[in-house]
Amino acid sequence: MTTWTNVCPLTDLVPDTGVCALVEGKQVAVFRFGTGETIYAISNFDPFGKANVLSRGITGSIGERPVVASPLYKQHFDLSTGECLEDADVSVEHFPVRIDNGVVQVSASA
Amino acid sequence: MSKKRIIVVGNGMVGHNFINTLATSDHASEFEIITFSEEPRLAYDRVQLSKYFSGATAADLAMTTPDEYDELGVTYIVSDKVVDIDADNKTIKTASGRVEGYDKLILATGSYPFVPPIPGKDQEHCLVYRTIEDLEDISASAKVSKTGVVVGGGLLGLEAANALREAGLDTHVVEFAPRLMAVQLDEGGGKLLRSKIEGLGVSVHTEKNTKEIVAGEECRYRMNFADGSHLETDMILFSAGIRPQDELAREFGIDMGPRGGIVVNDYLQTSDENIYAIGECALWDNKIYGLVAPGYQMAKVAADHITSTLITLDTPKLAFQGADMSTKLKLLGVDVASIGDAHAHTAGAQSYIFNDDVAEVYKRLVVSADGKKLLGAVLVGEAEAYGTLLQLMLNDMDIPGNPASLILPAMDGAEPVGLGVSSLPDTAQICSCFDVTKGDISGAVQGGCCTMGDLKDATKASTGCGGCTALVKQVMDAELESMGVEVNNDLCEHFAYTRAELADIVRIKGYTSFKDVVEGHGKGHGCEICKPTIGSILASFENEYVLKDELMPLQDTNDIFLGNMQKDGTYSIVPRVAGGEITPDGLIALGVIGKEYDLYTKITGGQRIDLFGAQLHELPEIWKKLIDAGFETGHAYGKSLRTVKSCVGSTWCRYGVLDSVSMAVALEHRYKGLRAPHKIKFGVSGCTRECAEAQSKDIGVIATEKGWNLYVCGNGGMRPRHADLFATELDDETLVKYIDRVLMFYVRTGERLQRTSVWMENLEGGLDYLREVVIENKLGICDELEDQMTKVVGTYQCEWKTTVESPEKLKRFAHYINADQEDSNLLYVRERGQRRPATEEERITLVNVTEGQK
Ligand code: SRM
Ligand SMILES: Cc1cc2nc3c(=O)[nH]c(=O)nc-3n(C[C@H](O)[C@H](O)[C@H](O)COP(=O)(O)OP(=O)(O)OC[C@H]3O[C@@H](n4cnc5c(N)ncnc54)[C@H](O)[C@@H]3O)c2cc1C
Ligand code: SF4
Ligand code: FES
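First to last, the protein sequences are chains E and H.
Mapped onto my numbering, the consecutive letters of the first sequence carry residue numbers 627 to 736.
Mapped onto my numbering, the consecutive letters of the second sequence carry residue numbers 300 to 1153.
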C-alpha cells in the first residue's frame, strides 16, 4: 500500500524552486515547476558532489525535459525520471507526488 | 651512423625557431644540436618585449624552457659567447674556453642597437632597447627621472616612447629625418602619425641632429643639436636603428657586405658551405631583414637544406626568395600599417590618397600602371583593411572594382569593400610569422578546431605578432560555415542572443521579470545559464530585492541563500568590511559569533573575514546577530562588487599622499550591491608604492601629488592582467564620475561571466574607445549611465536585513520544510583548533560530531 507523507501547502512552494522534505527517513527534493500544480520529487543527494543539496538547484528545461541543475557542479537531472543528462550511468531516485487538499504529498514506500 | 652535430650560435627568436624546426622534424634523431647564448636565458619573444612594462615577466616572454630543450635533447649553454671559429677544423670556441666540433654551424646572432657616435653617449642614463636586461635598466632609470628622450622615430623608437610615457615620464622623440617612421610611411602618413602622437602628450622633434650630450641645468642632461637648439632630459634611449651582429664572421674571414651583414645565398649558406647565417645577422640580396617573419622563413629553408644535404641526400625543396616587409602595428594606440611599395617607387605606379582630418585617418593606395594590381599601401589611424590589402598584393590578385573603394569609408551603412576570404587561394599565406596558409587553417578546422584557442594550438597562427588575428578568424568562421556549423554566440538553447543583447532588450523594453523576457524573446523554461544571467541584468537596472518571489528562482547557487555554498552543502558568511577597515569591537563581535556557532574562521584574500560551516537554518540567526553588531552583507556570493582593498594611506603612512582608506570606504559603500556580468574588485593605494595592488583590480585607484590616477580592467585570478591607466590626476568628483560610467557601460555590454579584463580585451577599439565613450561622451550616453548608477546607489538595501525581517522568506532557511532536524550527512574533524569537513576516508571511521555536540 502506498503511504503518503505531507510536505507542505502548495502555496509555500515558490514557483520554479525546490525544497527538501523528510519522507520516511529519506531526504527528498520537491520542486514546483511553473506557477501551476506540476510537482516533481527526486532524491536530495547529489551523487557527484556527495552532499544533500539538489533541492537548492535551478530548475528549467533541456529540450523537452524538465530538469534541475545541481548547485555544486551543475550536472542536470531529469525531474521526472531522476536520470543524469550528462552521464547515462548515473541516476537518482525519483518519487511519486500528489496534491491532496492543497497539500503536497510524496511517497517513498514503493 | 653517428649523429650530425649542429651548433647554433645565438639563441634568439630565429635561432630557437631553427632548433625547434630541426628537433621536431622526422629526422630529429639524426641530429645532435648544441646552442650557445650570450644572454643569461634561452630565447624569448623580443617582439612582445614592451609588454614587460605592462607587467609581463621574463617567464611570460620565454619561448621555451630548459625542460623543453631537455626533452627535445637539445644541449644549451647560456651566458657564454662564441668568440672563435676554426672553419678548417670545424670547431668553435667560447669565451669560457669551451671547444666544440660541428658538421654544420648556424650563425643566428641577431643584431645590436646602433648608437650614433655622439660625445657624451656613454653616460649612466643613456640606454638602449633590445634585451630584458635593457628593460630592467630603463625601468630603474625611469624611477629616478622625470623627462625622457627617445633618439629615433622609427618603429622601435615609438614603441620605446610609449613605454616611457606609461612610466609617467614627460616623453620626447628626437628624429633625424623630416618625419616619423620614414622607412614605412610616406609624408602624409608620417604627418598624421605625428599629430596623433603629439595629441597624446609626446613631443616630437624632427630634423634634429644631436651634436653632444652635456650636463643639464634643469635636468640631468642637455642635448645640443646641430641647428643650435637644445633639449633637457633626465634619460636618453637610443633607438636609431640596428646593425647586424656580425663580428664573428668578420674576424674569421667569412664574406661580409660592404656595410656589414653576413652574405648568404638562397639556402642561407655563407661563403663557407658548412656555415649558415639566418635572422637579422644575414645579408641576402644586399638586404637585412629586421622583422621576425623573414627570419623564420630563413630558419625553415636552412633546416631543409641541412636535412637534404646531410641526411636524405635529396635536392633541397626550399629556397629563400626574399620576404614581405609589410607591417601592422599599434603604436601609442595609433593603428599604423605599411604594405609593400609604400613609397610608390615602382615605375609607372599610381596612388590614391584618402585623408580625413576630422577623424584623423590617412590612407594611401599604390597601384600598378594599369590600375589592376595593388603594389603597396599606407594606413594610419585606421588599419582595418590591412588583411584584405595584404592578401591582394601577396597573391597578385586583380583589384575588385574601383581601387579607390578599397580605402574609402563605407557610406550609409554599406559593407566596406573587401575581398571575401573565399576568393583567396588555399596557398595564400594568412599568418606570416608562422607561415600558415589558408589551406592549413581550413585543414585544422576540418580536423576539429572550432575556436581560436584550438586553432592557435594546432597551427600557431596568430600567436606571434598578432597582426593576422582578424583574418585567421574570418577564414575559420568561413570554413565552419561551409561545414554547416553555425557560428553561434547564443547564450543558451533558450535565448538566441548574447548577454549584451539581452541587456539592451531588457533596458529598452523595461522588462522586470524573467517570464516577460522568455515569452517575448526566448523559448522553453530557461536553465541555470539564462536564468541567473537575466536575474543579474534585472538586478543591474532595477535593483530590487533578489529574493522577491519572481526573482528568487533566477538566483544561482550562492545568491539564492545569500551565502557561498561549500562542498558539504553548508554556507560561508562574509560580512562587509569596507576598505578593510574594522574596529576592535567589530572584531570582537565576529569572534563571539564565530565561537558560538563553532564556525571555521579565516582572513580572506579580500581583506575581510570569512566564517565557514553555517547550516541553512543557522544563517538567519547568525546574520541577525551580525546586523545587530553593525555589519551588513558583503555580497561575497554575488556577481557584484566584492571588496575595495585599501592601503593605510596618508593618515598613518609616512609616504601616503592622499587618504586612500577614506576613498576606499566611500567607493565600497557607493557600489556595494551593484550586480554585474561578473564580480568586480577595486583597490585604492595611497601612493605609487601600491600596497593595495590596485593595478590588478577591475578598478584601481592610485594617489599622486596631483590627484588620483584611475586604472581599469585589471585581474588577478586565473589569468592575471595588468590594469590599463585610464585617466590621471583626477579630483574626487571626476574619479567617481568616470567609475560610474565605466562600470555601467560594462554592465550594459559585458558578456555572461566576463570579467572587465576579458571585456576590455574584446572591446572593439579597446582602451581608446572606452576613453572616447566615458571621457569624450562619443556615444552621448554618459548622462544615462550616470543616472542608472544613481538609481542603483539610491536603491541599495542590505539583502540580509530585508530577509531576517521577512518571516515568509525565512521558511526556506531550514534543511527540511516538514521537519526540524538537521542534515544528517555533515561530518567534521578538528584541525589547528577549528573544525573542517571530514574527508571521504575519515567519514568511514568517524562519528558525527555535529550531532554529538547538540
Ligand atoms: C574566501 C576567498 C579565499 C580566501 O580564503 O581568501 C575566496 C573564495 C572563493 N573564490 Fe576567490 N576568494 C577570495 C579571494 C579571491 C581573490 C583575491 C582578491 O580578491 O584580492 C582572487 C583574485 C583576484 C581577482 O578576482 O582578480 C580570487 C579569484 C577567484 C576566481 C578567479 C576569477 C578570475 O577572474 O580569474 C574565482 C572563480 C570565478 O569567479 O569564476 C573565485 C571563486 C571563489 C569561490 C567563490 C569559489 C566557489 O564558487 O566556491 C570561493 C568561495 C568563497 C566562499 O565560500 O566564501 N575566486 N578570489 C577570498 C574571498 C575574498 C573576499 O573577502 O570576498
Ligand atoms: C622592442 C622590439 C620590438 C620589436 N617588434 C617587432 C615586431 O613587432 N615585429 C617584428 O617582426 N619584429 C620586431 N622586432 C624585431 C625582432 O625581435 C627581430 O627581428 C628578431 O628578434 C630577430 O631574431 P634573431 O634570432 O635574428 O636575433 P635575436 O633575437 O637578437 O637573437 C640573437 C641572439 O644571439 C645572441 N648572440 C649574439 N652573438 C652571439 C655570440 N657570439 N655567441 C652567443 N650568442 C650570441 C644574442 O645575445 C641574442 O640573444 C622587435 C625588436 C625589438 C627589440
Ligand atoms: S601604498 Fe604608499 S601610502 Fe599606501 S601603505 Fe603603501 S607606502 Fe603607504
Ligand atoms: S602574422 Fe604575426 S602572428 Fe600571424
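Please note: incorrect hints may appear among the correct ones.
To be verified - What the simulated footprint calls covered on chain H by chain E, stretch by stretch (three residues with Cβ under 8 Å from a Cβ of chain E suffice, anywhere in the stretch; the number is not a length):
id, segment
1, 620-627
2, 1107-1120
To be verified - Here are some chain E residues the structure puts well away from chain H; computed CB gaps all over 12 Å:
id, residue
3, D638
4, D672
5, A695
6, C710
FYI, nobody ran anything at the bench for these hints, they're computed from the structure.
Note that the Cβ used here is the ideal one computed from N, Cα and C, for glycine as well.
Status of the hints after comparison with the structure:
no.: 1; hint: 620-627; verdict: violated (count 0)
no.: 2; hint: 1107-1120; verdict: holds (count 8)
no.: 3; hint: D638; verdict: violated (6 Å)
no.: 4; hint: D672; verdict: violated (8 Å)
no.: 5; hint: A695; verdict: violated (4 Å)
no.: 6; hint: C710; verdict: holds (14 Å)
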